[in-house]
Structures are given as structure tokens and as C-alpha cells.
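Build out the structure end to end from the sequences listed, making use of the hints.
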Amino acid sequence: MSETNETIKPVVGLEIHVELATATKMFCRCRNRFGDPPNTHVCPVCIGMPGVLPVMNRQAVEYAMKVGLALHCTVAGFTKWDRKSYYYPDLPKNYQISQYDLPLSADGFLEVPLPDGTTRKIRVRRAHLEEDAGKNIHDKASHTGVDLNRAGVPLLEIVSEPDMNAVEEVLAYARAMQRLVRWLGVSEANMQMGHMRFEPNINLHITRGGRTFKTPICEVKNLNSFRALERTVAYEIQRQHAEWQANPEGYSIDKVGKENRGYDDEAGVTVFQREKEEAHDYRYFPDPDLAPVLVSDEWRGGLAAQIGELPLARRARYMERYALSFKEADALTQDAPTGDLLDTAVTDGADAKRCANLLLGRGAAIANDRGYSIAEVGVTAGQLAELAKMLSGGEVNATAADKIFVKLAETGGSPRQVAEAEGLLAVSDAGQISAWVDQAIAANPKAVEDVRSGGKSQKKAFGFLMGQVMRLSGGAAAPAEVQRLLQQKLGS
Amino acid sequence: MSKTIDLDLVRHIGKLSRIALSEQEVGTFAAQLAGILEYFGKLQELDTEGVEPMAHAVQLHNVLADDTPGESLTPEQALANAPDRDGDFFKVPKVIGDSQ
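In order, the protein sequences belong to chains F and C. The first sequence begins at 1 in my numbering and counts up by one. The second sequence begins at 1 in my numbering and counts up by one.
There may be inaccurate statements among the hints.
Dumping the calculated DSBU-like pairs for lysine-lysine here, alpha-carbon to alpha-carbon at most 35 Å [said to hold, decoys possible]: (1) K91(C) <-> K84(F); (2) K214(F) <-> K258(F); (3) K121(F) <-> K80(F); (4) K84(F) <-> K255(F); (5) K42(C) <-> K93(F); (6) K389(F) <-> K91(C); (7) K80(F) <-> K42(C); (8) K9(F) <-> K258(F); (9) K327(F) <-> K353(F); (10) K389(F) <-> K489(F); (11) K121(F) <-> K353(F); (12) K140(F) <-> K258(F); (13) K91(C) <-> K258(F); (14) K15(C) <-> K221(F); (15) K93(F) <-> K94(C); (16) K327(F) <-> K389(F); (17) K84(F) <-> K94(C); (18) K94(C) <-> K140(F); (19) K140(F) <-> K91(C); (20) K489(F) <-> K446(F); (21) K221(F) <-> K255(F); (22) K93(F) <-> K15(C); (23) K15(C) <-> K258(F); (24) K80(F) <-> K15(C); (25) K84(F) <-> K42(C); (26) K9(F) <-> K221(F); (27) K258(F) <-> K94(C); (28) K460(F) <-> K489(F); (29) K15(C) <-> K140(F).
By construction, these hints were calculated from the structure, which means they are not laboratory data.
The structure is reproduced here in C-alpha cells:
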């Protein structure tokens with residue numbers, strides 16, 4: 001049997017947990033805040049005291065509905081909460097409030113931009129609300145410390161269909177989901193703060209000699225970075241193939257079923273996890289403390305109306321209407337506020353391409369340095385529009401515009417004031433430029449000769465003289481005027 | 001109710017609930033649970049064809065709170081009933097990983 005006739009198709013589904021950016025927790029009014037001292041945002045409800053009454057956070061329901069709507073899901077007219085029973089120190093009630101048989105959202109999809117520029121539709125099976133658990137601190141050898149600040153924070157679990165067939169697709173889907181929830185303003189989706197966690201389900205469909213073999217589905221829990229997700233899926237594809245090759249009849253979904261594996265970040269591998277046989281006996285039942293939620297058409301419609309244009313639609317619009325490249329349009333639609341900056345500046349009458357250049361030049365550089373979005377650099381749409389107009393009008397050149405942009409990000413003010421204060425306004429006074437042109441001509445007889453003789457070095461020599469004039473002006477001369485006067489004086 | 005209560009089921013439930021049961025208790029509870037189930041089994045006689053399953057015992061819905069922060073406990077209050085503590089953390093026997 002020839003190895004070359006073997007085809008391997010990875011089949012991956014992904015569960016994504018997204019922490020919602022509400023001000024308070026899901027069932028009590030303790031703050032939903034990361035990074036504070038342990039057990040400072042806790043109350044009888046979220047630490048599981050007996051006799052308390054949880055009350056559902058309206059904002060959490062609405063955030064979850066927005067995501068469902070943006071994922072083209074059916075948002076249920078009737079939804080309820082269930083108790084999922086298990087014992088763990090970070091789960092003080094000994095059950096987690098979740099949604100079992102009637103999730104808020106089901107049967108949707110996300111259009112995912114792939115690295116090659118195409119898009120792929122990944123189906124979403126369901127998206128339900130549940131509460132997060134607390135945090136176990138394992139830094140002591142003798143015991144575990146428990147911080148319940150995170151216990152009860154609203155969590156949206158988004159479950160995809162097994163529609164992804166490559167590492168790149170899994171990553172693209174995860175990134176698109178991060179972009180979407182940020183876009184909707186329902187989560188900061190900050191990986192360092194644990195706002196997004198991944199659980200891939202991975203197996204292989206291997207065809208050899210006309211037969212299809214399916215390896216056991218492996219679920220890897222609790223991945224909290226894109227890197228971990230990428231390495232896990234890549235590792236599993238290779239590991240499952242090797243295990244299957246060693247035992248093609250035995251290592252199959254029919255014989256082994258499902259395996260749980262954990263990711264070891266240091267080694268970059270996944271390791272088998274034995275589960276107690278009763279681990280999945282969660283004994284779900286409807287939570288008697290929480291009333292069901294009825295979603296009216298008006299409520300649903302009102303939230304749908306708030307969603308507006310989604311990232312991919314906006315990207316397409318930028319390419320069509322603003323004539324931006326795919327790369328430019330993509331970079332400007334990573335988050336809604338950055339795109340809003342551009343749109344507002346264009347509405348103010350600025351040229352879209354010039355605005356895009358400013359945002360993606362200095363803007364992106366500053367944003368990168370500081371680890372935040374272009375919109376967060378702090379330059380407003382009004383400042384951007386004014387600066388772009390000054391560029392278009394030849395009042396500042398590109399170098400000066402960059403300097404002004406940086407200054408605006410640092411200290412604010414109006415672009416014109418900054419340009420004046422910093423001496424960055426372009427000099428278009430013909431007398432002044434004429435003097436610089438004369439000076440450059442006098443100092444560079446060889447270049448002048450090359451231009452006048454009209455040989456093959458004419459163009460290069462002219463460019464050299466342009467550069468000399470710009471240098472004499474300290475970068476302030478208006479290039480169009482320099483060019484005009486140089487041509488006049490050299491008779492070229 | 002198709003499921004019958006046998007001793008193994010009681011042991012299983014005890015394990016899930018983290019309750020240590022003596023063999024004598026397993027026998028006692030098996031009989032008691034069977035009795036309770038049999039009693040509720042009477043409900044099986046009702047014709048529920050076309051009746052919506054009940055999700056909740058009270059006819060309330062959309063009991064929702066505004067997302068406005070309120071009072072929390074101090075760590076001191078929160079930890080007051082804890083059997084053991086390590087600084088402001090609840091102290092528990094060594095476990096590995098997180099639950100989810």
C-alpha cells in the first residue's frame with residue numbers, strides 16, 4: 001500500500017469562552033474587574049452562601065444577544081438557566097449556572113477572513129451564557145489559594161461546528177471572533193487578562209486505499225493564547241497521525257471515542273488526561289432561583305439595530321468607496337473606533353487615502369509601541385481631517401505631517417497651531433523658495449549641467465537638486481513650488 | 001421513571017455529592033429514595049401529551065437587574081467563615097489546574 005495515496009483531513013471544532021465587559025457580575029452587583037487584590041469583589045451570592053437570591057444582569061443578556069445576532073444566530077424567544085453540578089474549589093456553590101437545553105443563541109455562522117484573502121463561513125452551533133469560576137492560585141507547594149473575584153463574571157460560550165480543516169483556519173476563526181466581540185463592544189477580549197479561552201476538539205479523517213479512518217476526537221481544555229491554540233492544533237494533527245500510523249485499526253473514534261488532553265506550554269505538547277468516570281455526570285436541572293427570560297421581537301430588533309456595519313462589510317466598503325488596498329482596509333477595520341475615525345474625517349471633507357496614510361503610518365507605529373489600537377492613540381477625527389486637508393492643500397509636506405501627528409498624540413491641540421509652533425508649515429513663498437533654488441543651483445554645477453544636457457542622468461540630477469532645495473529649507477519648502485521654480489530656472 | 005434505585009446508584013450519587021456513605025446507609029437510602037421515586041411516579045399516570053414542559057415553578061420572567069455596582073464584602077467578612085485562609089485567599093488542599 002502506497003503512503004503517497006494517503007490524504008489527511010484535520011477536523012476541528014472550537015469552543016470559545018468570552019468574558020463579557022459588564023460593570024458587574026452576572027448574578028450580583030459585585031464589580032467585574034480583573035487584577036484587584038484577592039476576594040475584594042465578593043458577596044454572599046458569588047461566594048455561594050446559602051439562602052441568597054441571584055438576579056440576572058440585563059446588560060449581560062443584551063451583550064450575549066448582540067453576539068448571537070452578529071453571528072446570524074436564531075436568538076431564542078424563551079431561554080432559561082440551569083445548574084451544572086460539580087465540585088471544585090474555584091466553584092463555591094458546587095454548581096455552575098449555565099444554559100443546557102435552551103441556549104440563548106443557536107445555529108449561526110461567522111464569516112472568517114483567511115490569510116489568502118478569501119473568506120470562509122464557519123458555522124456556530126450555539127452561544128450560551130454562563131458564569132465564570134474563581135481562580136485557583138497554585139504557587140504554594142502545600143496548598144491551593146482561592147480568589148473568588150472572578151466567580152460569577154458573565155461568560156459567553158460560543159461553540160462552533162467542526163468546520164475547520166487547518167491550523168490557519170482555526171486561528172483565523174479565533175481572531176475573527178476576537179475582532180467581532182471587540183467590535184460590538186461586549187468584551188475587551190484581552191488574552192493576558194483571560195478574557196478569551198479556547199477549547200479545540202480535534203481529530204483526523206484519513207483516507208487510504210479507498211478507506212476512511214477517523215481518529216479519536218481530542219478535546220484540549222483551557223488554552224489562553226493564540227500561540228497555545230496554534231501549537232496545540234498543529235501538535236495534535238501530527239501526534240494523531242503518528243498514533244494512527246502505529247495502530248490504524250485500534251486508534252479510531254469507534255474504539256477509543258473521545259480523549260481529554262491538557263496543553264503543556266513549556267514543552268509545546270499535549271498530554272493525556274485520565275478523567276474520573278463520573279466527571280461528566282453534571283446532573284443539569286433548571287435553576288429554581290432564576291426566572292426564565294422571554295425575548296420579545298422589539299427587544300431583539302432594538303439590539304439588532306444597534307449592531308450596524310460589521311468588520312468585513314466595512315472593509316469591503318473601504319476598498320470600494322475609499323479605494324484603499326485590502327491590507328489598508330483590513331488594518332483600519334480591526335476595531336470599530338479606528339474605522340469611525342476615518343469615516344468621520346472623510347465626512348468632514350478630508351481625503352480618505354491621506355487619512356488612511358496618516359493612521360497607518362505614524363498612527364499604527366505609536367499604537368504598536370504602546371500595545372493599543374490606532375483609535376486609542378488619541379488623535380481625534382477633527383484633528384485628522386484638518387491635518388489631511390493641510391496635506392492636500394500643500395500647506396505641510398508628508399514629513400511635517402508625520403511630526404505633527406506625533407505631536408497631536410502627545411499633547412493635543414490643533415494641527416495648524418502645532419505646525420506654526422514647530423515651524424512645520426510649508427514655505428510656498430516664491431521669493432524665499434527662489435533664493436533656496438538659486439543657492440542649490442550655484443552649489444551644484446555638475447548636476448545643473450546634467451539636467452541641462454538632457455542626457456540619461458537628467459531625471460536623477462533633477463531629483464538630486466530637488467532634494468538639495470528641500471534640505472536647504474529644512475524640509476519646509478512646498479515641493480510643488482520647488483519643482484516649478486527649478487524647472488523654470490533650468491529651462492527644463 | 002424507568003431508572004430503578006439500586007445500591008450502586010446510591011453509591012454513585014454519594015460519590016458525586018462528596019458524601020461518604022456507610023454500607024448500612026447505602027441500603028437505607030436506596031430504600032428511601034426508591035419510596036420517594038415511587039410516590040412521584042404517580043405523576044406518570046397523567047396524560048401530558050401536548051403540554052409544554054415547565055421551566056420554572058413561578059410564572060415570573062425577565063427578572064433582570066441594572067448593571068450598576070453595589071456593595072461587596074470586605075475580604076475579612078468574606079473569609080470570616082472559611083475553615084482556613086492564606087492571607088486574603090481561601091486556603092484549600094492542593095488541587096491541579098482550573099475547573100474549566
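Restraint status (C-alpha distance of K489(F) to K446(F) at most 35 Å)
Measuring from Cα to Cα gives roughly 15 Å; hence the hint holds.
Would the hint linking K91(C) and K258(F) be met if the CA-CA limit is 35 Å?
34 Å, holds
Between K221(F) and K255(F), is the straight-line Cα distance small enough, at 35 Å or below?
Holds. K221(F) to K255(F) sits at ~22 Å (cutoff 35 Å).
Holds or violated: K80(F) with K15(C), Cα cutoff 35 Å?
28 Å, holds
Given hint K42(C) paired with K84(F) - CA-CA distance at most 35 Å
Holds, at roughly 27 Å.
Starting from K15(C), check that the Cα of K221(F) is at most 35 Å away, please.
24 Å, holds
Pair hint outcome, K84(F) versus K94(C) [Cα-Cα no greater than 35 Å]:
Cα-Cα ~23 Å, so holds.
Are K42(C) and K93(F) close enough, with their CA atoms no more than 35 Å apart?
32 Å, holds
Hint consistency between K15(C) and K258(F) [alpha-carbon to alpha-carbon, up to 35 Å]
23 Å, holds
Could you grab the alpha-carbon distance between K121(F) and K80(F) and see if it respects the 35 Å cut-off?
29 Å, holds
For the pair supplied as a hint, K389(F) and K489(F), confirm whether the alpha-carbon distance does not exceed 35 Å.
30 Å, holds
Given the hinted pair K389(F) and K91(C), is their Cα-Cα distance within 35 Å?
Violated - the C-alpha atoms of K91(C) and K389(F) are around 62 Å apart, more than 35 Å.
Checked against the numbered hints listed earlier, the structure breaks hint 6 alone; every other hint is satisfied.
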